[in-house]
Amino acid sequence: QKEVEQNSGPLSVPEGAIASLNCTYSDRGSQSFFWYRQYSGKSPELIMSIYSNGDKEDGRFTAQLNKASQYVSLLIRDSQPSDSATYLCAVSANTDKLIFGTGTRLQVFP
Amino acid sequence: GAVVSQHPSRVICKSGTSVKIECRSLDFQATTMFWYRQFPKQSLMLMATSNEGSKATYEQGVEKDKFLINHASLTLSTLTVTSAHPEDSSFYICSARGTGNGQFFGPGTRLTVL
Numbered sequence: 122q123k124e125v126e127q128n129s130g131p132l133s134v135p136e137g138a139i140a141s142l143n144c145t146y147s148d149r150g151s152q153s154f155f156w157y158r159q160y161s162g163k164s165p166e167l168i169m170s171i172y173s174n175g176d177k178e179d180g181r182f183t184a185q186l187n188k189a190s191q192y193v194s195l196l197i198r199d200s201q202p203s204d205s206a207t208y209l210c211a212v213s214a215n216t217d218k219l220i221f222g223t224g225t226r227l228q229v230f231p
Numbered sequence: 171g172a173v174v175s176q177h178p179s180r181v182i183c184k185s186g187t188s189v190k191i192e193c194r195s196l197d198f199q200a201t202t203m204f205w206y207r208q209f210p211k212q213s214l215m216l217m218a219t220s221n222e223g224s225k226a227t228y229e230q231g232v233e234k235d236k237f238l239i240n241h242a243s244l245t246l247s248t249l250t251v252t253s254a255h256p257e258d259s260s261f262y263i264c265s266a267r268g269t270g271n272g273q274f275f276g277p278g279t280r281l282t283v284l
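Line by line, the protein sequences are chains P and G. Positions in the first sequence are counted from 1; adding 121 to them yields the numbering used here. Positions in the second sequence are counted from 1; adding 170 to them yields the numbering used here.
So here's chain P without its partners, still in its complex pose (with noise of 0.2 Å):
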């Protein structure tokens, strides 16, 4: 079983919708998470963390989290072509060390 899971799409939605991105995590110590958005060819940029259950907004970006289901989700509103991208899910135990899932491949489409 992989420590962290996505779906790898692609992901696609219309201009001005809301994009659901999902992630599961196996270890039940983990205690920081993350989303981050890689553009092709690029390197990975931090968009959100949450670390405590519940929701977590900025801006047109909701992360939400939920530690009973090892569950944690990154909602983007009024997405917009430019957020076309791979979203990855990280999440790390209280350690230095991030675990990363695969990514999510998201197509927002005019």
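It is worth saying that the hints were derived from the structure and are not from the lab. Mixed in with the good hints there might be a few duds.
Below are the DSS-like pairs computed for lysine-lysine, each with C-alpha atoms no more than 27 Å apart in a straight line [as the list claims (entries may be wrong)]:
id : chain 1 : residue 1 : chain 2 : residue 2
1  : G       : K211      : G       : K184
2  : G       : K234      : G       : K184
3  : P       : K163      : P       : K218
4  : G       : K225      : G       : K211
5  : P       : K218      : G       : K234
6  : P       : K163      : G       : K190
7  : P       : K177      : P       : K218
8  : P       : K188      : G       : K236
9  : G       : K236      : G       : K184
10 : P       : K163      : G       : K234
11 : G       : K236      : G       : K211
12 : P       : K177      : P       : K188
13 : G       : K211      : G       : K234
14 : G       : K190      : P       : K218
15 : G       : K184      : P       : K218
16 : P       : K163      : G       : K211
17 : G       : K225      : G       : K236
18 : G       : K236      : P       : K163
19 : G       : K225      : P       : K188
20 : G       : K190      : G       : K234
21 : G       : K225      : G       : K190
22 : P       : K218      : G       : K211
23 : G       : K236      : G       : K190
24 : P       : K188      : P       : K218
Go by the hints and put chain G onto chain P.
Below, chain G without anything else, positioned relative to chain P:
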């Protein structure tokens, strides 16, 4: 804040040569930096954790004698790919831990070994 630079951004070399990649934290001190490798259409694979002033910690399956890591200061870590071969061609990315537990990534180095 939390800017990480990498140099070079792209390198092409002949098989058997060694390549050094530099990773710098520009606006903060990083006692710990990380080196990743990413093959096309795959996720990031952690190669090693670089600790300032001490030996790097390598992940299972990563040859420490082939991938030499030096973290001589709080703002600089280097990765040297020794005797590179075509199968070492990949996208090498470093990161540094900022405030909290988030890591900030450098722009990456694309290595092509002919």
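Results of checking the hints against the structure:
no.: 1; hint: G:K211 to G:K184; result: holds (24 Å)
no.: 2; hint: G:K234 to G:K184; result: holds (21 Å)
no.: 3; hint: P:K163 to P:K218; result: holds (21 Å)
no.: 4; hint: G:K225 to G:K211; result: violated (31 Å)
no.: 5; hint: P:K218 to G:K234; result: holds (18 Å)
no.: 6; hint: P:K163 to G:K190; result: holds (20 Å)
no.: 7; hint: P:K177 to P:K218; result: holds (23 Å)
no.: 8; hint: P:K188 to G:K236; result: violated (39 Å)
no.: 9; hint: G:K236 to G:K184; result: holds (16 Å)
no.: 10; hint: P:K163 to G:K234; result: holds (26 Å)
no.: 11; hint: G:K236 to G:K211; result: holds (24 Å)
no.: 12; hint: P:K177 to P:K188; result: holds (14 Å)
no.: 13; hint: G:K211 to G:K234; result: holds (25 Å)
no.: 14; hint: G:K190 to P:K218; result: holds (23 Å)
no.: 15; hint: G:K184 to P:K218; result: violated (33 Å)
no.: 16; hint: P:K163 to G:K211; result: holds (12 Å)
no.: 17; hint: G:K225 to G:K236; result: holds (14 Å)
no.: 18; hint: G:K236 to P:K163; result: holds (25 Å)
no.: 19; hint: G:K225 to P:K188; result: violated (34 Å)
no.: 20; hint: G:K190 to G:K234; result: holds (14 Å)
no.: 21; hint: G:K225 to G:K190; result: holds (17 Å)
no.: 22; hint: P:K218 to G:K211; result: holds (22 Å)
no.: 23; hint: G:K236 to G:K190; result: holds (12 Å)
no.: 24; hint: P:K188 to P:K218; result: holds (19 Å)
When held up to the earlier numbered hints, the structure conflicts with 4, 8, 15 and 19 and fits the remainder.
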